[in-house]
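Engineer: Given next are the chains, with one letter for each unit.
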Amino acid sequence: MNADACRLQRPQRVYLLSADAGLKDALSALWGDGHLEITHFERGRGAIEVLFNELPDLLIVDHDLPDMPGLDVVNLVKSENVYRQLPVILAIREESLDQGADWCSAEVDDILILPSSAARMKVRIFLTITRASRAFDANPLSKLPGNTSIIQRIQEMIDRREDFALAYADLDYFKSFNDKYGFSRGDEVLMMSARIIVNTIRGFTGVRSFVGHVGGDDFVFILPPDKIELACQRIVENFDSIVPHFYDEEDRARGFIQSTDREGNMRTFPLMAISIAVVLNVGGRLQHYGEASQIAMTLKKKAKENPKSCYVLDKRLS
Amino acid sequence: MAEDLKLERKDQILAAKDLPTLPKVLDEVSRLVKDPDSSTEQIAKLIAMDQVLSAKVLKMVNSPIYGFPGRIGSIHHALVLLGFNVLRGVIVSTSVMDVMNQTMVGLWEHSVGCALASSTVARQCGLKDVEDISVAGLLHDLGKVVTSVQLPELKTGVEALVKTQDKSYLEAEKAVMGFGHDRVNAWLSDHWKLPPPIKEGMSYHHKPQLARLYPEVACCVHLGDFLVRVYEYGSGGDDNVPYLEPEALKKLKLKPADLEAVLDELSEKFLDIADLSFT
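Protein sequences appear in the order of chains A and B.
Mapped onto this note's numbering, the consecutive letters of the first sequence carry residue numbers 1 to 318.
Mapped onto this note's numbering, the consecutive letters of the second sequence carry residue numbers 1 to 279.
Honestly, the hints are just simulated from the structure, not real lab data.
Hints are not guaranteed to be accurate.
The list that follows gives simulated cross-link-like pairs (lysine to any residue, SDA-like), each with its CA atoms no further than 25 Å apart [unchecked claim]:
1. B/Lys-59 x B/Ala-186
2. B/Lys-253 x A/Arg-252
3. A/Lys-175 x A/Gly-264
4. A/Lys-180 x B/Pro-64
5. B/Lys-45 x A/Asp-240
6. B/Lys-6 x B/Lys-128
7. B/Lys-253 x B/Pro-242
8. A/Lys-175 x B/Gly-67
9. B/Lys-34 x A/Arg-234
10. A/Lys-308 x A/Asp-251
11. B/Lys-193 x A/Leu-141
12. A/Lys-143 x B/Asn-85
13. B/Lys-59 x B/Asp-190
14. A/Lys-143 x B/Tyr-66
15. B/Lys-59 x B/Thr-94
16. A/Lys-227 x A/Met-191
17. A/Lys-175 x A/Cys-6
18. B/Lys-207 x B/Asp-272
19. B/Lys-193 x A/Glu-250
20. B/Lys-45 x B/Ser-95
21. B/Lys-59 x B/Ser-93
22. B/Lys-59 x A/Asp-187
23. B/Lys-24 x B/Phe-84
24. B/Lys-193 x A/Glu-188
25. B/Lys-59 x A/Arg-185
26. A/Lys-122 x A/Cys-6
27. A/Lys-227 x B/Glu-41
28. B/Lys-128 x A/Ser-241
Required output: the full structure, derived from the provided sequences and hints.
Structural biologist: This is the structure we're talking about:
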């Protein structure tokens with residue numbers, strides 16, 4: 001197998017629950033030193049408490065544990081909302097498969113059929129880990145990568161001392177729109193905004209780029225510094241021309257809406273606008289993700305002073 | 001006509017999966033989409049010349065998958081929201097109609113002409129959302145296209161009736177099928193979740209006085225349809241003298257002098273597009 005195939009981004013902590021010592025050795029050999037940090041439990045009972053106190057990145061459970069059915073362990077984990085995002089692979093022998101199991105109630109994420117070739121095992125584990133991180137982190141509405149991926153990507157680029165422009169976008173008067181029209185109309189606007197940002201960024205071909213959805217009306221995107229201003233202009237232009245169509249006709253004609261403010265007073269609010277704050281990391285000036293978000297928040301206040309759609313570039317040191 | 005037969009035909013029409021179009025615009029759009037320097041505006045302008053491609057992108061962007069059904073009526077906005085990737089997919093999966101099909105060529109010209117005439121009327125009346133009206137004008141005969149693709153044997157019957165009995169296309173449709181393309185338009189726009197102004201323009205262009213929500217759109221398209229026939233640009237399937245509903249002029253508050261201005265402007269515009277060829 002290609003040495004780079006199934007490369008893990010970072011070491012993964014794996015709990016293995018199995019009386020089969022050979023399985024542990026096989027797993028350890030898959031990626032070589034340190035890529036899988038395997039904690040091996042021969043019995044189910046002892047493992048559960050450890051598991052509940054400290055979640056690994058992946059749990060591999062043998063169907064045939066000496067002290068309890070493997071599926072019971074799986075059910076225990078998956079029935080608790082705080083644990084159930086943990087990806088679980090069930091290791092099972094062909095004979096046991098034939099006996100059938102209640103797969104519908106067991107929220108197993110994948111299975112390994114024992115015995116299994118090393119290559120097959122490696123792919124299965126890799127796909128389970130990456131699938132879990134995608135599914136877990138995606139914004140439930142837009143399906144764009146969420147906070148964990150955003151932070152990871154930014155830190156990765158900082159660590160590589162890569163030049164990049166990081167933009168934080170959010171919508172002005174989104175809350176008053178939501179209050180007046182209801183959250184499902186609000187979601188329409190978020191889906192539309194996500195689409196505008198994604199397509200504008202993807203319009204820059206041949207460069208490294210990224211779009212994430214922090215949540216609510218907060219979006220993040222990354223482009224090379226020389227592309228960012230044009231991207232902001234396009235996003236602002238497209239947003240301003242499309243957003244009026246998400247209002248009822250009378251409001252659109254008036255150009256404002258009436259809704260209650262945070263204190264409960266009736267007020268008029270302008271149509272929504274998009275504000276973008278851009279932090280530039282040039283020549284390795286940023287050390288940590290936190291610095292980027294802090295600078296962005298300061299800039300965003302500046303962008304927000306303008307009730308119309310606008311963008312503010314961080315010119316310091318650039 | 002038996003109600004269940006009508007329902008069956010409605011289902012057949014709504015089952016339309018791959019509407020073909022004429023090759024010219026499709027080729028040109030494919031070329032632009034491949035060119036990294038082409039802009040969304042350029043492509044939108046071109047797609048707005050083709051009723052089938054326009055219908056396809058609007059249907060897609062208004063589908064619940066994107067999360068804002070019934071909101072987008074502008075081709076340009078649709079392209080911004082769909083993106084080049086999706087557009088490329090639409091283009092490669094669109095097949096080409098038999099170019100020998102002369103009636104379709106006439107219908108394409110008629111539709112572009114109607115879009116042009118409807119939007120000229122709308123501008124003269126000082127209406128907002130001229131693009132909605134232009135799109136409704138472009139799609140006002142889409143029902144004829146979808147019906148002839150889905151129910152070709154009925155289309156032959158309609159055409160025969162137009163020829164032998166000197167009926168208008170709409171009358172012939174009603175005689176043969178039990179419903180006209182205006183009804184088909186209403187079904188399609190509901191099924192595809194097109195925005196309400198476009199639906200009304202498409203469904204009420206033959207009886208604009210009955211439009212409830214967006215009468216101005218229906219009136220502009222009605223007038224546009226009339227004008228493009230007066231200029232004999234393209235063909236809507238028959239060569240009857242079209243009927244002009246006086247209510248439409250009244251609703252739009254168009255005075256004879258305004259209409260003259262529209263006619264002058266259109267003379268020039270039709271000259272401009274006269275050498276446009278769809279094959």
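Engineer: Indicate, hint by hint, whether the structure satisfies it.
Structural biologist: Hints, verified against the model:
1. B/Lys-59 x B/Ala-186: OK: B/Lys-59 and B/Ala-186 at ~14 Å, within 25 Å.
2. B/Lys-253 x A/Arg-252: holds (23 Å)
3. A/Lys-175 x A/Gly-264: Roughly 13 Å between the alpha carbons, so the hint for A/Lys-175 and A/Gly-264 holds.
4. A/Lys-180 x B/Pro-64: holds (22 Å)
5. B/Lys-45 x A/Asp-240: holds (20 Å)
6. B/Lys-6 x B/Lys-128: violated (37 Å)
7. B/Lys-253 x B/Pro-242: Judged against 25 Å, a Cα distance of about 21 Å means the pair holds.
8. A/Lys-175 x B/Gly-67: Holds, at roughly 19 Å.
9. B/Lys-34 x A/Arg-234: Within the cut-off at roughly 21 Å; holds.
10. A/Lys-308 x A/Asp-251: This hinted pair holds, its Cα atoms lying about 17 Å apart.
11. B/Lys-193 x A/Leu-141: At roughly 21 Å apart (the allowed maximum being 25 Å), A/Leu-141 and B/Lys-193 satisfy the hint.
12. A/Lys-143 x B/Asn-85: holds (17 Å)
13. B/Lys-59 x B/Asp-190: holds (10 Å)
14. A/Lys-143 x B/Tyr-66: This hinted pair holds, its Cα atoms lying about 11 Å apart.
15. B/Lys-59 x B/Thr-94: OK: B/Lys-59 and B/Thr-94 at ~14 Å, within 25 Å.
16. A/Lys-227 x A/Met-191: Cα-Cα ~24 Å, so holds.
17. A/Lys-175 x A/Cys-6: Between A/Lys-175 and A/Cys-6 the Cα gap is close to 43 Å, so the pair fails against 25 Å, i.e. violated.
18. B/Lys-207 x B/Asp-272: violated (30 Å)
19. B/Lys-193 x A/Glu-250: Satisfied, since the Cα-Cα distance of roughly 21 Å is no more than 25 Å.
20. B/Lys-45 x B/Ser-95: holds (21 Å)
21. B/Lys-59 x B/Ser-93: holds (15 Å)
22. B/Lys-59 x A/Asp-187: holds (20 Å)
23. B/Lys-24 x B/Phe-84: holds (20 Å)
24. B/Lys-193 x A/Glu-188: Answer holds: B/Lys-193 to A/Glu-188 is near 14 Å, not above 25 Å.
25. B/Lys-59 x A/Arg-185: Holds, because 19 Å separates the two Cα atoms, which is no more than 25 Å.
26. A/Lys-122 x A/Cys-6: holds (8 Å)
27. A/Lys-227 x B/Glu-41: Roughly 20 Å between the alpha carbons, so the hint for A/Lys-227 and B/Glu-41 holds.
28. B/Lys-128 x A/Ser-241: holds (13 Å)
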